[in-house]
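Each chain, letter by letter, is given below.
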Amino acid sequence: MMEWGSWSAFWSMGGNGLFVWGSYAVTFLCVAVELVLVIRRRRDTVRRLLRLRRAAPTGTGARRTTEEIFE
Amino acid sequence: MTTDIKDRSGQGKGLFRFSAPPVFYPLAGRLAPWFAGIAGVLTVIGLYIGFFVAPTDFQQGEVYRVIFIHVPAAWMSMFIYLIMAFWAAVGLVMNTRLSFMMTQALAPTGAIFCFLALWTGALWGKPTWGTYWVWDARLTSQLLLLFLYLGFIALTSAIEDSRRADRAGAIIALVGAINVPIIYFSVQWWNTLHQGASVSLTQAPSMATTMLWGMLVMALAAWAYTIAVALWRVRSIILERERHTDWVKAELDVQESRA
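In the order they appear, the protein sequences are chains A and B.
Position one of the first sequence corresponds to residue 1046 (this note's numbering), numbered consecutively onward.
Position one of the second sequence corresponds to residue 28 (this note's numbering), numbered consecutively onward.
None of these hints come from the bench; they were simulated from the model.
Be aware that a few hints might be false.
[Stated by the list, open to error] Here are some of the chain B residues that sit facing chain A, going by a computed Cβ distance under 10 Å:
1) GLN86
2) GLU89
3) VAL90
4) TRP146
5) TRP151
6) LYS153
7) ALA251
8) TYR252
9) VAL275
[Stated by the list, open to error] Pairs of lysine to any residue, SDA-like flavour, derived with a Cα cap of 20 Å:
10) B/LYS276 with A/TYR1069
11) B/LYS276 with B/ILE264
12) B/LYS153 with B/TYR52
13) B/LYS153 with A/SER1057
14) B/LYS153 with A/GLY1059
15) B/LYS276 with A/ARG1088
16) B/LYS276 with A/ALA1070
17) B/LYS276 with A/TRP1056
18) B/LYS276 with B/GLY56
19) B/LYS276 with B/TYR52
20) B/LYS276 with A/ARG1087
21) B/LYS276 with A/GLY1067
22) B/LYS276 with A/LEU1095
23) B/LYS276 with B/PRO49
24) B/LYS276 with B/VAL50
25) B/LYS276 with A/ARG1099
26) B/LYS153 with A/ALA1070
27) B/LYS276 with A/ARG1096
28) B/LYS276 with A/ARG1086
29) B/LYS153 with A/ARG1086
30) B/LYS276 with A/ARG1092
31) B/LYS153 with A/TYR1069
32) B/LYS153 with A/TRP1066
33) B/LYS153 with A/GLY1067
Built from N, CA and C at the ideal position, the CB exists for glycine as well.
Extracted from the complex, chain B is given alone in its bound form (with noise of 0.2 Å):
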């Protein structure tokens, strides 16, 4: 199937046949619908969960409702990260041109959650802690984030050698990794205003059961929804990085008899 095409990154043995863009691109096209599908179908659930099935909290009141986008937002924008991390090093050490268009696809998704996380946190500062922001290591490693991935789309954009673009990018994104495990763990290492965990691991949520399949239902409609938009935009990328080619030429026929 693949022996026809051309291609200089994988090596055409499982699921390495994936990471040739002429294969990827059609299954991006395939799969995205579904995530989006299926983010849509969780974002409903998740909201009647949240505002019709969860009990208004004994301390907060109804403002805390505000979690069931708060949380994911937050979450999403850190795993975001660590993806696009991730890919940057297979990009590196592999060589591979797709993973550099994954780290692209996926940051302004990523930039996105984090600002609403910042956006949401400050609404729900107001009101609980009497301010829309303090400078705690929280809050402030959750700033340096966003503009991390505002570093990171400013200038994978503004250098115009895809090559030495995908290298740039992938350093910044390895680079600001380290900030991840910092925000994660900075209620724990320093007193912060922001409060600790309410889903951990290794101990017992601190939170009603409804709430937090509210919260988890919300977090999986993020993560679809991250993946649908992510496969929209890196077939994009892939049509613009790979149009010297001839599958895209031929993509392009296709197109043009749509038109």
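Just chain A, same shape as in the assembly (with noise of 0.2 Å):
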């Protein structure tokens, strides 16, 4: 690295690594978890919309029973 001399010295951040990489780790961890979460959730309300469907097919009639599944 050639502003650090090396990676080892880019690592310790002049000994506070420890600060520096745990406050960058706790980020992309937190960005990491709610894109997953995110993508989840869609997956998920297409899944259950599509179950609650074929539970009860189109009509009036079925409204209300799919609304109780949904409940």
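Put the complex together from the two separate chains, hints included.
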């Protein structure tokens, strides 16, 4: 690393590596978890709505049943 | 184009057209990947500037590099809350369903940025102040912001009736917004351990230009990320809320044929 001289100097962050990398690690973990949750929510929503529809096919009479299953 | 869409909220003119969920849903789906891509590219650029271009700080040494997430996270946590308050106000005044959905789509991301501002602040405080936490005005009001986010999320998800949940959430969003200027100006109004603003509109920034650039690029990355995630999340909320409409049924047909 041109600016840092060595990788170990880079990772040690002047002796405060724990604080610097602790900040970055938790940030990237949070972002990763949020992305997974957002993707999962999308998948689960579509699946649940499809399941509801299969359980109670179209028609006004079926709407109440759909509502009951959903709640 | 929108004539066959039954819309109770939008007026069907100009920007109002986009307040109709059947119009916004596909638009959000098309825009989100672009914002995610922009966020990714800006993050790489911002981190490169932050770690390989920005110099060592003459006072703090290397530990100041936490700033490249701390400040953008803190800014976003405040911006997102204000945007939620804005959408809540729009929703209450114009009675647009999509506005309330946007407040709910933004809240988790705001809470995460708020938590990260506190977390990175604690890790930065230990080596520079000698403590992870003090009950000064800045830190305390930022902690209150986290509780406001969590309160908003808990309340809106606890109330079954979506109209009542929207209204209750809107009240928390609007009342809680008073806390945002308190956070921002706390370092001027009170004697805080937390330092004053490094960037202000009226004065030259009190930091090296490359440090400033690293921070601004990371802030833009956080903006793009927030937009992408909120758009993705609001799509799920729209489907749930509009599940009895014909256009969602048509969308489900598309999804079913793909599965």
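Do the hints match the structure? See the list:
Proximity of B/GLN86 to chain A is violated relative to the hint, the smallest CB-CB distance being about 12 Å (cut-off 10 Å). The restraint placing B/GLU89 at the interface with chain A holds, with a minimum CB-CB distance near 4 Å, inside the 10 Å limit. The criterion of a C-beta within 10 Å of any C-beta in chain A is met by B/VAL90, whose closest approach is roughly 4 Å, and the hint holds. A cut of 10 Å between beta carbons decides the hint on B/TRP146: the least distance to chain A is about 6 Å, and the hint holds.
For B/TRP151, the interface hint holds, the least distance from its beta-carbon to any beta-carbon of chain A being 7 Å, beneath 10 Å. Among the interface hints, the one on B/LYS153 holds; its C-beta lies about 6 Å from the nearest C-beta in chain A, closer than the 10 Å criterion. Interface hint status for B/ALA251: violated, as the beta-carbon distance to the closest one in chain A is roughly 12 Å, over 10 Å. For the restraint placing B/TYR252 at the interface with chain A, the shortest Cβ-Cβ distance is roughly 7 Å, inside the 10 Å limit, so the hint holds.
With 10 Å as the threshold, the beta carbon of B/VAL275 comes within range of chain A, its nearest partner Cβ sitting at about 7 Å, so the hint holds. Restraint check: the Cα-Cα separation between B/LYS276 and A/TYR1069 comes to about 42 Å, which exceeds 20 Å; the hinted pair is violated. Note on B/LYS276 and B/ILE264: the hinted pairing holds, with a Cα-Cα distance of about 15 Å set against a maximum of 20 Å. A threshold of 20 Å between alpha carbons decides the hint, and for B/LYS153 with B/TYR52 the separation of about 45 Å lies outside it, so the pair is violated.
For the proposed pair B/LYS153 and A/SER1057, the alpha carbon gap of about 16 Å is at most 20 Å, so the pair holds. Between B/LYS153 and A/GLY1059, the direct Cα distance comes to roughly 15 Å. Compliance with the 20 Å bound is thereby established for this hinted pair. With a C-alpha separation of about 16 Å, the suggested pair B/LYS276 and A/ARG1088 falls inside the 20 Å cut-off, and the hint holds. With a CA separation close to 42 Å, the supplied pair B/LYS276 and A/ALA1070 exceeds the 20 Å bound.
This hinted pair does not check out: B/LYS276 and A/TRP1056 have alpha carbons roughly 53 Å apart, beyond 20 Å. Only pairs whose Cα atoms come within 20 Å are accepted, and B/LYS276 paired with B/GLY56 is accepted, the gap being roughly 17 Å. Between the alpha carbons of B/LYS276 and B/TYR52 the distance comes to roughly 13 Å, so the proposed pair stays at or under 20 Å and holds. As the CA atoms of B/LYS276 and A/ARG1087 are separated by approximately 16 Å, the hinted pair is consistent with the 20 Å bound.
Pair hint B/LYS276 plus A/GLY1067 does not hold up; C-alpha atoms about 46 Å apart against a cutoff of 20 Å. About 9 Å separates the Cα atoms of B/LYS276 and A/LEU1095, which keeps this hinted pair within 20 Å; it holds. Proximity of B/LYS276 to B/PRO49 is assessed by CA-CA distance (about 11 Å); at most 20 Å being required, the pair is judged to hold. For the proposed pair B/LYS276 and B/VAL50, the alpha carbon gap of about 15 Å is at most 20 Å, so the pair holds.
A distance of roughly 12 Å separates the Cα atoms of B/LYS276 and A/ARG1099; the hinted pair therefore holds under the 20 Å criterion. Proposed proximity of B/LYS153 and A/ALA1070 is supported: the alpha carbons are some 17 Å apart, at most 20 Å. A distance of roughly 12 Å separates the Cα atoms of B/LYS276 and A/ARG1096; the hinted pair therefore holds under the 20 Å criterion. Only pairs whose Cα atoms come within 20 Å are accepted, and B/LYS276 paired with A/ARG1086 is accepted, the gap being roughly 18 Å.
Distance hint between B/LYS153 and A/ARG1086 is unfulfilled; the C-alpha atoms sit about 37 Å from each other, more than 20 Å. Between B/LYS276 and A/ARG1092 the alpha-carbon distance is near 13 Å, which keeps this suggested pair within the 20 Å criterion. Pair hint B/LYS153 plus A/TYR1069 holds up; C-alpha atoms about 16 Å apart against a cutoff of 20 Å. Between the alpha carbons of B/LYS153 and A/TRP1066 the distance comes to roughly 14 Å, so the proposed pair stays at or under 20 Å and holds.
Between the alpha carbons of B/LYS153 and A/GLY1067 the distance comes to roughly 12 Å, so the proposed pair stays at or under 20 Å and holds.
Violated hints for the displayed structure, listed by number in ascending order: 1, 7, 10, 12, 16, 17, 21 and 29.
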